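Q: Protein chains in written order, with the numbering used here: chain A, 4 to 311; chain B, -4 to 202.
Hint data in this document are derived by calculation from the structure and do not stem from the laboratory. Among the hints, a few may not be true.
[Claimed, not checked] Chain A is faced by these chain B residues, among others (derived, beta-carbon under 7 Å):
(1) 29
(2) 32
(3) 33
(4) 111
[Stated by the list, open to error] Computed list of lysine-lysine pairs in BS3-like fashion (alpha-carbon distance at most 30 Å, straight line):
(5) 37(B) x 286(A)
(6) 41(A) x 6(A)
(7) 6(A) x 186(B)
(8) 38(B) x 286(A)
(9) 172(B) x 186(B)
(10) 240(A) x 267(A)
(11) 170(B) x 41(A)
(12) 41(A) x 186(B)
(13) 286(A) x 186(B)
(14) 170(B) x 286(A)
(15) 240(A) x 7(A)
(16) 64(B) x 128(B)
(17) 182(A) x 151(A)
(18) 41(A) x 172(B)
(19) 7(A) x 227(A)
(20) 64(B) x 37(B)
(21) 7(A) x 186(B)
(22) 240(A) x 182(A)
(23) 6(A) x 267(A)
[What the hints assert, rightly or not] Footprint (simulated), chain B over chain A, 3 or more residues, beta carbon under 8 Å:
(24) 34 to 43
(25) 49 to 59
(26) 114 to 121
(27) 144 to 153
(28) 287 to 293
Please read all numbers here as calculations on a predicted model, not as lab measurements. All residues carry an ideal CB built from backbone N, CA and C; glycine is no exception.
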Amino acid sequence: MEKKAIRVAYGESLVRLGAENSSVVVLDADLAEATMTKGFKQAYPERFFDCGIAEANMVDMAAGMSTMGLIPFCSTFAVFAGRSYDQIRNGVCYPGFNVKFGFSHAGITLGEDGGSHQAIEDLALMRVLPNMTVFAPSDANECWMCVKAASEINGPVYIRTSRLPSPVYDPDPHFQVGKGRVLMDGSDCVIMTCGIMLEHCLNAVEILKGQGKNPALLVFHTLKPFDDELALAYAQKCSNVFTVEEHSVIGGLGDTVAPVLCGKGSFVFRKIGIQDVFGQSGKPADLLREYHLNGEEIARTVLESMRG
Amino acid sequence: MSKGHAAPGLYGTLCERGFFTRDHFDHFRQLHGILQGHPDIKKCPGVDASTGSLGQGISIAVGMALAAKHLGNGVKVYTMIGDGESDEGLVWEASMAAAHYHLDNLTVIFDHNGMQIDGTNDQVMSLGDAQAKFTAFGYDVVEVMDGNDMQQVLDAFHTPVCPGKPRLIHLHTLKGKGVSFMEGQVAWHGKAPNDELTAQALRDLEG
Ligand SMILES: Cc1ncc(C[n+]2csc(CCOP(=O)(O)OP(=O)(O)O)c2C)c(N)n1
Ligand SMILES: [Mg+2]
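Between the sequences and the hints, there should be enough to build the whole structure, so can you do that?
A: This is the structure in structure tokens:
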């Protein structure tokens, strides 16, 4: 299967969008080589602005640019969402400015650079801000659709991208902001995921099927606004509910789903993700195993927890 | 080490100083290793600050120097910052505080190699006259014309401290010095050489 890093798809998406929309400008903080905005920089040098290693200033510069009708896309590593958070909150979200954040290298699969660079909190930070739309595309195709959709939303949008190459699936013909996608129907348990964990959930599903289970698999490219309806329907259908994310179990996908289920029935519910610890250096595959996020580990957690 | 990505250099020094044994290098940047991609105070002996998020190390150093003054314990604090790192407002906020609190027990080493990741300082974000800026922020600046010459660097450390002022040692350096194919090459900022190039690099450094 073809593999492509979502950050690479993000870079290509910006070039494509730049051709369609001359108001799109891109800002980066000395990481264009890594966030992949370098493609846009080459294609439209007059619409690319390097801000140096000054993320906070980048975000408020983008805020200012948006007031003149431009559509700025800011990029850096997801972990530096923290460095520029007041600017994202008060500079962009509070006034509701039309600024986009395409932040890359999210999660532990960033790998060897280690815990100081592995964002496990960005979704939580972004979800909690009023006016913000939050995307976590699961492959290259979805990334393009999120970037395109972001340009059409008049307001702040966060797009989480990853460093590691991941499989490219068939595009969703029904892509819609705020809607989840049923990748596999099932009856006795449901796995809900986002981002590049999709690959590992698909592996887990194969293992579970081999054990006689009939899992459903849902993928959510939009964490906010969230598809409550779909999540609830499948929870009620399958009653064993698992969320899988490359993010802290605090404030991410799991905590998006939890309140949806609250008071709506009796479920087994487990949040599979980073269990309130920082990451560390290592090869991505080693880290996924260590933090119980590869296919085998996900399947093991599901089997251990399932009831009925 | 405020420019935490220079961890390998720091680790080599700490190892020579006996903080840990050489075998740890076999697990550099690997799962459960003490030598993380960026210095980690909780994992590696001898590391004084967990850095990697640029700009923070110098602020932490200012806090340490301020505490040392407050406690009167005679501790001197040294921190190394990059020129790209100096794009961060935090570097200048820290510098302002260092001068405000008269931290003459603080030495900031400014590694001026003219390069960062996406290009030269001037391509990415020009620092202008960096030395004039640091001077204006209240440092006693000691300039080292060849920051890759250890004797010149040591001489700078031995210049007398100017009472009441933080000191900044301005090193003019060449990135990748001594390795023919890396010298002055932006592309080698954070890349590991393959076996063949590693052998070449070792030959260059020994030769
Ligand atoms: C806050 C922050 N933003 C971005 C990065 C990513 N990054 C790591 S090294 C680097 C370039 C640093 O340039 P410089 O300080 O000049 O270091 P040197 O040339 O001495 O290696 C960047 C942008 C980071 N580590 N921290
Ligand atoms: Mg530099």
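Q: Now, for every hint given, state plainly whether the structure supports it.
A: Hints, one by one, checked against the model:
no., hint, in the structure
1, 29, "violated (10 Å)"
2, 32, "holds (4 Å)"
3, 33, "holds (4 Å)"
4, 111, "holds (5 Å)"
5, 37(B) x 286(A), "holds (20 Å)"
6, 41(A) x 6(A), "holds (20 Å)"
7, 6(A) x 186(B), "holds (22 Å)"
8, 38(B) x 286(A), "holds (18 Å)"
9, 172(B) x 186(B), "holds (15 Å)"
10, 240(A) x 267(A), "holds (12 Å)"
11, 170(B) x 41(A), "holds (23 Å)"
12, 41(A) x 186(B), "holds (18 Å)"
13, 286(A) x 186(B), "holds (16 Å)"
14, 170(B) x 286(A), "holds (27 Å)"
15, 240(A) x 7(A), "violated (34 Å)"
16, 64(B) x 128(B), "holds (25 Å)"
17, 182(A) x 151(A), "holds (16 Å)"
18, 41(A) x 172(B), "holds (27 Å)"
19, 7(A) x 227(A), "holds (25 Å)"
20, 64(B) x 37(B), "holds (25 Å)"
21, 7(A) x 186(B), "holds (21 Å)"
22, 240(A) x 182(A), "holds (18 Å)"
23, 6(A) x 267(A), "violated (39 Å)"
24, 34 to 43, "holds (count 5)"
25, 49 to 59, "holds (count 6)"
26, 114 to 121, "holds (count 6)"
27, 144 to 153, "violated (count 0)"
28, 287 to 293, "holds (count 3)"
Consistency with the previously given hints fails for numbers 1, 15, 23, 27, ordered from lowest to highest.
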